[in-house]
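These are the residues of each chain, in order.
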Amino acid sequence: MDVVERTWTWLATGAHWTGGDGVWHRLDQHLYLTAVSLLISCAIALPVAVVLGHLGRGGALAVNLSNVGRAVPTFAVLVLLLLSPLGQYGSWPTVIALVLFAIPPVLTNAYVGMREVDRDMVEAARGMGMTGPQVVARVELPLAFPLIMTGVRSAAVQIVATATLAALAGGGGLGRVITAGFRLTDTAQVVAGALLVAVFALLVEGVFVLLARLLDPVRRRSGRAAAKVVPTPVSDV
Amino acid sequence: MAEQSCLVSNDWICGEYLSTRGQELVDATLQHIGITLASVAIGLLVAFPLALLARARRSVRGPVLGLTTVFYAIPSLAMFSLLVPVLGLSVSVVVTGLVLYSLTILVRNILAGLAAVPEEAREAARGMGYGPVRLLFGVELPLALPALMAGLRIATVSTVSLTTIGSIIGYGGLGNLVLGGLRSYFKAEVLTASVLCVLLAIVADVALLLLQRLLTPWTRTPRRRAPRVGAAQSPAGEAVA
Numbered sequence: 001m002d003v004v005e006r007t008w009t010w011l012a013t014g015a016h017w018t019g020g021d022g023v024w025h026r027l028d029q030h031l032y033l034t035a036v037s038l039l040i041s042c043a044i045a046l047p048v049a050v051v052l053g054h055l056g057r058g059g060a061l062a063v064n065l066s067n068v069g070r071a072v073p074t075f076a077v078l079v080l081l082l083l084s085p086l087g088q089y090g091s092w093p094t095v096i097a098l099v100l101f102a103i104p105p106v107l108t109n110a111y112v113g114m115r116e117v118d119r120d121m122v123e124a125a126r127g128m129g130m131t132g133p134q135v136v137a138r139v140e141l142p143l144a145f146p147l148i149m150t151g152v153r154s155a156a157v158q159i160v161a162t163a164t165l166a167a168l169a170g171g172g173g174l175g176r177v178i179t180a181g182f183r184l185t186d187t188a189q190v191v192a193g194a195l196l197v198a199v200f201a202l203l204v205e206g207v208f209v210l211l212a213r214l215l216d217p218v219r220r221r222s223g224r225a226a227a228k229v230v231p232t233p234v235s236d237v
Numbered sequence: 001m002a003e004q005s006c007l008v009s010n011d012w013i014c015g016e017y018l019s020t021r022g023q024e025l026v027d028a029t030l031q032h033i034g035i036t037l038a039s040v041a042i043g044l045l046v047a048f049p050l051a052l053l054a055r056a057r058r059s060v061r062g063p064v065l066g067l068t069t070v071f072y073a074i075p076s077l078a079m080f081s082l083l084v085p086v087l088g089l090s091v092s093v094v095v096t097g098l099v100l101y102s103l104t105i106l107v108r109n110i111l112a113g114l115a116a117v118p119e120e121a122r123e124a125a126r127g128m129g130y131g132p133v134r135l136l137f138g139v140e141l142p143l144a145l146p147a148l149m150a151g152l153r154i155a156t157v158s159t160v161s162l163t164t165i166g167s168i169i170g171y172g173g174l175g176n177l178v179l180g181g182l183r184s185y186f187k188a189e190v191l192t193a194s195v196l197c198v199l200l201a202i203v204a205d206v207a208l209l210l211l212q213r214l215l216t217p218w219t220r221t222p223r224r225r226a227p228r229v230g231a232a233q234s235p236a237g238e239a240v241a
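Taken in order, these protein sequences are the chains called A and B. According to the UniProt record's numbering, the first sequence is numbered sequentially starting from 1. According to the UniProt record's numbering, the second sequence is numbered sequentially starting from 1.
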């Protein structure tokens, strides 16, 4: 196919990778936006989810938050923030939008993870004389780890996708390669940009799947691969 | 001092915008509803046989679940852009992309629903002489309906929200107005379209919830103590037929 060939030529042209509009610079922006937003949303959502999950309160909040997050279009929020007075602060409106949409998956999954810890285990830990914080740190968090990581992974994928949209609103990131391609009516560039974005998103997903396996405290202690199945996000079922 | 028009002062909320551009809003909303309906309907039509196939054959199950998960991870802007050279700058790009996204949720939920059908119900139906087709549509499908409808609600709400991204090629329903409003710095247009979009998602969700209640009357728990005799019989097959 002609498009495939032209896309390959576009990707193989060194000039498209360097400079202010080059792929490397756009990738750099995308990574930066993703990392900053993911860190902020985890810093906000994880403590809240862990405390609520430990206390067994606020379940309705955790569930409703992810429902609301799904119903509100990310693109609209991005544009609304850009037109608001916040819009003049560089990439902050984008970061705020990304954080807003990353909080629900992190919070919901971490909350469910904490709640799904076997109550008998928690009782046993208390019976052994553990204090509340000790129960959280030594029993609940290690057992909830897979679901917490699932939430973080969904959030990361969501952030990568939403950060791509920032390009529609004039922000940075890999999405700019696509939007510039549309403006130039250069199909090869559009496809090349889309491929780059898709590969980047899949890489991020893959890295988090790997991280979840490598860092799982329960699995590390038992030394053997316990479950092969990657937990699916709670919000999907 | 003459009162300044809210269109001139570029207010967030502007009644004059509603009255002068009403038709534009109606057109965008209709396009939005059309794209959503088409995507979810096609998604359901594709997901159902896929789920049946994945249930019947283990060799199909892995690739189907794997592939739909991969689709889900691809950002919408990239998904639509990748479909452009295949389908051209047409509405089918947006619908195809949204169908692919909805498959992830629908296939999983249909599979989960079918897996949750109690084996006794199947046995009983077989004992009554039900063939495989009648078993599927008369017993399994009605019992899997709550999970299926839950998936359908999630898929529909996400589709309403994702349709806005179609504005990149001019088929984004209310998203077109959001993008247009961004380019012309028109606050009322952006806010109105955004609010309409959220309303659309809520209306669709509530409508599907009501539909689910209509289709599965046996799942409703009576508020007050129901007469024992009446509550005891809840034949799944009968209720849907």
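No lab work stands behind these hints, which were simulated from the structure alone. The C-beta atom is built at its ideal place from N, Cα and C for all residues, glycine as well. There may be inaccurate statements among the hints.
[As the list claims (entries may be wrong)] Restraint ranges, calculated between C-beta atoms of paired labels, are given here: (1) B:S5 with A:E5: 45 to 55 Å; (2) B:P132 with A:I44: 47 to 57 Å; (3) A:S84 with B:E24: 20 to 30 Å; (4) B:V8 with A:D186: 34 to 44 Å; (5) B:E24 with A:G59: 56 to 66 Å; (6) A:T131 with B:S59: 26 to 36 Å; (7) B:L45 with A:S84: 40 to 50 Å; (8) A:D21 with B:Y185: 17 to 27 Å; (9) A:I44 with B:E119: 23 to 33 Å; (10) B:E16 with A:A35: 42 to 52 Å; (11) B:R55 with A:E123: 32 to 42 Å; (12) B:M128 with A:L215: 48 to 58 Å; (13) A:L55 with B:A121: 20 to 30 Å.
Lying within 47 to 57 Å: is that true of the beta-carbon distance P132 (chain B) to I44 (chain A)? Given about 51 Å between the Cβ atoms, the range holds.
Determine whether the Cβ-Cβ distance between M128 (chain B) and L215 (chain A) falls within the hinted range of 48 to 58 Å. This hint holds: roughly 52 Å between Cβ atoms.
Has the hinted range 20 to 30 Å been met by the Cβ atoms of S84 (chain A) and E24 (chain B)? holds (23 Å)
C-beta pair S5 (chain B), E5 (chain A): status relative to the range 45 to 55 Å that was hinted: Since S5 (chain B) and E5 (chain A) have Cβ atoms about 54 Å apart, the given range 45 to 55 Å holds.
Between E16 (chain B) and A35 (chain A), is the Cβ distance one that fits in 42 to 52 Å? holds (44 Å)
Given the range 34 to 44 Å, decide if the beta-carbon distance of V8 (chain B) to D186 (chain A) lies inside it. holds (38 Å)
CB of R55 (chain B) to CB of E123 (chain A), is that within 32 to 42 Å? holds (38 Å)
Can the suggested window of 56 to 66 Å be confirmed for the beta-carbon pair E24 (chain B) and G59 (chain A)? violated (42 Å)
How does the Cβ-Cβ distance of L55 (chain A) and A121 (chain B) compare with 20 to 30 Å: does it lie in that range? About 39 Å separates the Cβ atoms of L55 (chain A) and A121 (chain B), which means 20 to 30 Å is violated.
Taking the Cβ atom of I44 (chain A) and the Cβ atom of E119 (chain B), is their distance within the range 23 to 33 Å? violated (45 Å)
Assuming the hint says 40 to 50 Å, is it satisfied by the Cβ distance from L45 (chain B) to S84 (chain A) or not? holds (41 Å)
I want to verify a distance hint. Is the separation of the beta carbons of D21 (chain A) and Y185 (chain B) within 17 to 27 Å? holds (24 Å)
Against the hints set out earlier in the document, violations occur for numbers 5, 6, 9 and 13.
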